Each structure stands twice: as C-alpha cells, then as structure tokens.
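Visitor: In order, the protein sequences belong to chains A and B.
Heads up: the first sequence begins at 1 in the UniProt record's numbering, then just goes up one per residue.
Heads up: the second sequence begins at 1 in the UniProt record's numbering, then just goes up one per residue.
Quick caveat, the hints were computed from the structure, so don't treat them as lab data.
Remember, predicted model here, so these are calculated numbers, not experimental data.
Hints are supplied without guarantee of correctness; some may be wrong.
To be verified - Facing chain A, according to a computed beta carbon distance under 10 Å, are these residues of chain B, among others:
1. R6
2. K8
3. V60
4. P213
5. R221
6. P317
Note that the Cβ used here is the ideal one computed from N, Cα and C, for glycine as well.
Number of protein chains: 2
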Amino acid sequence: MEERNRKKILDILRVLHESERPMGGTRIAQALNLAGREMSQRTIRYYLESTDQEGLTEPVGRRGRRLTTKGLQELNNASALEKVGFVSARVDALTYRMRFKLRQATGGVVVNLSGVEASRISEAATIMQRVYDAGLSMGQRLLVARPGSRVGRWRVNDDECAVATICSVSVNGVLLSQGIPTSNIFGGLLEMNDHRPTRFTEIIKYEGTSLDPLEIFIKSRMTSVYRAARTGDGLVGASFREIPAPAAEQARLLSARMQKIGIGGIVLVGRPGQPLLGVPVPTDRVGLVVIGGLNPLAAVEEAGISTTNHAMGALMPFQALHPFQEILNKFRK
Amino acid sequence: MEERNRKKILDILRVLHESERPMGGTRIAQALNLAGREMSQRTIRYYLESTDQEGLTEPVGRRGRRLTTKGLQELNNASALEKVGFVSARVDALTYRMRFKLRQATGGVVVNLSGVEASRISEAATIMQRVYDAGLSMGQRLLVARPGSRVGRWRVNDDECAVATICSVSVNGVLLSQGIPTSNIFGGLLEMNDHRPTRFTEIIKYEGTSLDPLEIFIKSRMTSVYRAARTGDGLVGASFREIPAPAAEQARLLSARMQKIGIGGIVLVGRPGQPLLGVPVPTDRVGLVVIGGLNPLAAVEEAGISTTNHAMGALMPFQALHPFQEILNKFRK
C-alpha cells in the first residue's frame, strides 16, 4: 500500500470496523464526512476495489462491504502514531458499550484475556489465589477455560488455559452508568508498604504511548505482585484516573457497592483539587487509584510461568465469571 | 522521611547533586532561590542535620555538605512523578557536558553501560558483530571489559562482562557543539523492511514516562534486531527528534562526518515542516530518526542471553572506545 493512499484506506477500514453491519459507498462517505475526513464516493469505490483485491475487505450482498480478518490485522498494524491515544479511545468505546446494571449485578464487563501454559495451570491457580486473597485483584471473579474450549469468539490454544479477569476499565463503565465520566491519566507501578499503597514508582501516560502500560510492566518483569500479596510490600500494577470533583462522594459510595458485588478495584478516592499519592490533580477534579486487573497474571509471570496478556480483550457478561475460590480450587492440585 | 518534608529534602539533595563541590547552607539557599524554591537558611540547616543523621549527606571540611551514595539512591528512588521528564532532562544535562571535538574526533561521548553473562560473552560478541556489520548500531565503536575490571567509576561484577556502547544522545552533543539544539520527542520500535526504515510500530513519548523507552522495549523482548541484521526485516530501537528547520542542511553534512569517524547514528533527516516516516513535524522544525545505541544488546537479549542495560550510563572519552571488529574479535571463540 503506498504511503499517500494508506491513510485514506485506513480511514475506510476504520469506518467498516466501527459498523456492526456491512456498509456501501454511500454510507461510508456519510460516516467519513461526519468524522471530518471528506472523501468522494468515487474515491471510496476506487479504494474499495483495491482493498477487495488485497483481501482487506470483502463484498457482502448488494454492494455492501465488510472488513476481513486480514483487514482487521492491517488496522491493528497501523503505525504507532495512529495508535497513540488508541488505548484511551478503546477504553472509552468499551466503557460506553458496557451497560452494566449495578443493582442486579448483571450486564457486560470489560475483561482481560490471558493465556497460561496448560501444564502449569495448577501452580498458576495457587499463585493467583494468593493475589485474590490479598485483595490485589480487580474484583473477586474470573473465568478459567481449558485448552481447546471457547471464550466468547476466542478459541483457546491446545497447549494453554485461558484466563479472563475483570479489567479495571470496568470501573469506568460502572461510574458512567451512574453518570460519572472518567479520564484515564496513566498506568504505573504502585508501591505497597505494609499492605498500603504509598506511591507510584514508575508511570507511563496513556496519551504518550501506543502500548498498554500495564502489559508492558508485566512483560518487562518489573512487578512484584506475589511478594506484595505474601508480605504486604511490593510493586503492583495500578492506574490513575480523574473524575469531576462533585462526583467524589458518589464515587466513594459506588466503590463500596462494587466491592460488595465482587467487581471491586477502586483503591483510593482523593479530595477535590488535592494531590493523591503525590500526584497533582486539577482544581475541579478528584483523583482515583484503581488496581490493575492483570495483577494475578503478573504474579504468575513472576514465577517464571509464561503468560500472554491482552488488556481490554473483550466484553463479557458479569454472570459468566465466578468467585475466584470456586474457580481456582478446581484447578489447584 | 515524612511526606510533607520529603519534597524539600529532595530539593536540597538535588542541589547538592548538581554541584561539583560541597556546598554550605548559604550557597544551597542561593541555588534554591534561583530555582524558585525559596527556603530559609535556618530551615535548610534543620533539614541538613536530619539528612546527615540518615546518612544522605555528609559534612566535608568547614560547614560544607556533599551527597552520599545513599543520598544519590534516595534521589533516584524519588517518586515516578518526579522522574517524568527526567529522561529528557538527563539527556540535556549529558549533552551539555559532552564537549566533543568533531575535527579531532576526541572528547566525551555519552555511553550506555550494559552487563552480559560472562560465560556467554563469546556468543554475545558474535551476535553484536552482526548488528554492527548491518549498521544497526550507533557508530562503530565500543568497549568490552572483563569481569572484575573497572569502567570509569563502575566496577564490573565478577560474573559478567561490561559493554559500553555509544548512546544515541551523543548525536545531540555533536549537533550542540555546532550550535544546533535538539528536542527529544519519542523512543520507539522502528520497522525495517529490506534494510530500509519504513515506520514506527510502537512509540513512547519522553514527556509521558518515567522510564527510558528503549530499555523497556528490550526488557519486554519486543525487538527483533538480530533478524533485521540478518534478513533486513525486523524491529529495531530508534528515536525521533527535532531540530530547527534552518539547521537541516548542516545536520545532513554533520551526519556524514559523524558516520566517517565512527560515531554515526542519524538514519534520516526530514524536510522543514514535513512528516518523516508519517510522523508530523511543526512548521519550523525538521525531524530526525536516530538509531538506538542499545540495539547490539537487544539482539543479545533476543538470543536468551541475559543483559542489564542502563541507557545514558556515563560520559566516556571517545578514544577509550575502539572499532568493533577489533574488540569483538578478541571475545569471539
């Protein structure tokens, strides 16, 4: 794909990706115009012919196109610059689609999808249990699927177990369902001393990276979640967010309710305009520290058991997840 | 150290760290005032007593204090927030101190300090040679020191060899010596296709992180430098910088001269206000892509040989480094 056409093609692929149904040239043109990326229908048709040929799109029925798996890959491979801010954008999109009902404790939650070597799953289950016991996880529920089974649209590899943990982004979804918008500021390593959070030792701002900060901290083996779970001292994944100052009281109440139904995760709620763990916050805002959903997997990785992790991998019904004691006991020897 | 005193103590430690000689209360007060962090001499003396007691500072001669190793550690452990932008600041400080003489090819250069398992150094040397041969290194010179020897102020561990590679920040130093100031924008993974740079696949902006981006990419095993060296296709560490537009022509000439004396590293120089590899650049600026100095070590890490890497570890005389063929041949079997 030539560089000068590439941007336009990616714009078209993105529109198809965002749509739930196949789209024709007219609707694609409308969507692009609304997004301030005007393109004539003729130009769009020209590009669609070439994306069909390259296998990035395929015709469905009367003049509609949809994205192929290859097209999706092409989008995902889009240059890093196009992915900066992508993490925040993805958070917002998933948050909006969650539609979680707090009262009934039902509805979608955002989950992380991880793979763990099947041969070491019982060891991994013991480790994860410790992290859940110590309250360093996002909520109290998860799902573990055996090799070859299916988790949503994802088929689990034959040599690994799949683990779905609640993603901390679900906190944003619950807050939004109560009318509170959340801004994601950074992901970092949170130092725990004597079971209490003290400070962030490393941070990566969401707006300055094409990668999920917590995935990176796990991959580069910078966490010490297992030690934090066992002794109270260690470095765990966490993130810093902001909400409007008038929502602070409600957020505190919601935090308690979320804890109760097992979707927990808010570690600290600050005061209006006041620094939280030394992190400055604008006047009309309040800081939140939210625990990282991948912490149980970080502890597994620390033990030398290899994992693959995809933060914000999917939406899943909360009811499909079960209390950790129940699930993990089945996999422990 | 209590949180409310901590900031002030760190301010004092920082002033002592920046000074080349021990300082008394009066000079510390002056320095703090100039930095907009006014503190009375009485307050300073009060804190200095406690930092002496904690072993963070020590008295030298008549009422002067200097930082101890423990004090330096305390500074380095400062919370992540204090370290954001630290990478850029450290680059600028080292660049200023370089004083490299291009004509004579002498003077200080900024180096990365790495450790490599001593038992696998010959294997590592073979791998690094391939990376240097392929031109994916920063310049053509390095230093390898045997276990137990000294590299500058650093004593090499008994079970590892030390490797000093030219840090890409040295490019900034050479440009500055010719009156060209450089801004560091981001570190990233640069995709090489058929031996040519095509795009950045991941980026981390310097202003949004407390970590060196390239150290992180290596640690999390996201590079494929060895493959890029062997086949021409792969992901290598690189960074994106900007210089004033009128300096573009001179930068191109300097790039060629640097290449010639073995301090190379500028991969691409853009055009005024024009995107470079798809990265937009402000009107009066020109983009630069500079190769990552740690690429040879990334390739070693990719082979499963464990390394420790400190980007911008020290300043070292350029003459202390030698052509890679000469050095690496000694360590190959």
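Visitor: Determine for every hint whether it applies to the structure shown.
Guide: Hints, one by one, checked against the model:
1. R6: holds (9 Å)
2. K8: violated (14 Å)
3. V60: It is violated, given that the least Cβ distance between V60(B) and chain A is near 31 Å, above 10 Å.
4. P213: Holds. Min distance 9 Å.
5. R221: Hint holds; R221(B) Cβ to chain A Cβ min 7 Å, cut 10 Å.
6. P317: With a minimum Cβ separation of about 32 Å from chain A (threshold 10 Å), the hint on P317(B) is violated.
The structure is inconsistent with the numbered hints 2, 3, 6, although it conforms to all the rest.
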